[in-house]
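Enquirer: Numbering (the working numbering) for the sequence shown: 1 to 137.
Honestly, the hints are just simulated from the structure, not real lab data.
These figures come from a predicted structure and were not determined experimentally.
Worth double-checking, as some hints may not be accurate.
[Said to hold, decoys possible] Quick list of the computed label-pair ranges, beta carbon to beta carbon:
| # | residue 1 | residue 2 | range |
| --- | --- | --- | --- |
| 1 | Ile112 | Ala134 | 21 to 29 Å |
| 2 | Gly135 | Ala84 | 29 to 37 Å |
| 3 | Ala21 | Lys70 | 19 to 27 Å |
| 4 | Phe11 | Asp34 | 14 to 22 Å |
No residue lacks a Cβ here, since even glycine has one placed at the ideal position from N, Cα and C.
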Amino acid sequence: MNLAFAGTPEFAAAALAALHAAGHSIVCVLTQPDRPAGRGLQLQPSAVKQLALAHGVPVLQPRSLRLDGKFPDDARAAQAALQAAAPEVMVVAAYGLILPQWVLALPRHGCINIHASLLPRWRGAAPIQRAIEAGDA
């Protein structure tokens, strides 16, 4: 099955690695743009980007996916690339951007979100930390 994947941090990279190891055809990856990090504030690729490139998977790094937003050219380029890749399913894990309706409607079989905690109890930006604080871990 042809998959698109959207994710950014180590948690998402583990999911991408599992999908790759299971033999799925990953046709493209969406991840956040490279960010400055470390003492020299040099641009650093996300964990997902590093893994995707290591496996020869095309990487898209739009600043936004909103066609009517601040970066419409990024969104249109991502839209064209995703349409050309024609994924049957998109798997999302800690991507960091809200997926607009055009993204959700693109894969023939829809999108699946992997969340790091029990929903809806630990929804939000820091689900693992909140679960640990509450003694659920």
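Enquirer: Of all the hints numbered above, which does this structure not satisfy? Sort the numbers upward.
Expert: Result: hints 2 and 3 break, sorted rising.
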